[in-house]
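Take these sequences, add in the hints, and give me the full structure.
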Amino acid sequence: MADAAREKPEQTPPSRRAAMDRMPLPALPQRGPATATTRTIEAWLASARSEPAKALEEWRDQGVTLLPLGRHFSAVRIPVALVHSALDVDDSDGRRLAAVLRSSLNGPVIRDQRASGGVYYALVPWWSASGWSEGDGVHLLGDGVYLGVPALKRTDPPGSHWVLLPKHRHDLCSTGRVADLIRRVAPVAQEAAAADLDGQPDFGLASTNAHQP
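Using our numbering, read the sequence shown as starting at 290 and increasing by one per residue.
One should not assume that every hint holds.
In silico lysine to aspartate or glutamate, EDC-like type, Cα no more than 16 Å apart, as pairs [to be verified]:
id, residue 1, residue 2
1, 442, 379
2, 442, 347
3, 456, 331
4, 442, 331
Treat the hints as calculated values from the structure; they're not laboratory data. The structure presented is a predicted model; accordingly, all values stated were derived computationally and were not measured.
Right under this line is the structure:
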């Protein structure tokens, strides 16, 4: 009997077992989704170049790389002052500015402040390069043009930076939304041009090569 008692497996008292059942299980380690998504988006953007590894290297070392347009995506260049006037926003409230741009364009937008007054680049599908109506300081950049694209970590000035990051691979602004914004910009551009004839500021319309490094 004594041997049988010694061989009998030890049992956990019911009260203790119930308490253990109520204890939360430790969280399993998980790969950060933000990191995974960032790498996926970087790979997609870099694939616009014939040597994607060079783009990744330049992002790491310089914070910006030149990507050819018209292959994976194109870009619509719009002066900052015109966008702000048309949407009634400014730089005093960065969160509101980003929210308004997100609501208006719903896609990735780069801002380059090196040009006079600064410019926005709304990334759009590459096929938008055909049949697009532009003017009033707005330019569609497609095949044959290289755009300075900042690293995804660059979301603040100075220099070229993301105002709205891509949310996933192939995330681009709707051409319809960009066209709507351009229609809102047109009257502002015309007023600016008229004011310029009277010797007033030109709202940054003179610079047409801001996409060049």
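Right, here's what the structure says about each hint:
1. 442 to 379: 23 Å, violated
2. 442 to 347: Distance of about 13 Å is within 16 Å: holds.
3. 456 to 331: 11 Å, holds
4. 442 to 331: 11 Å, holds
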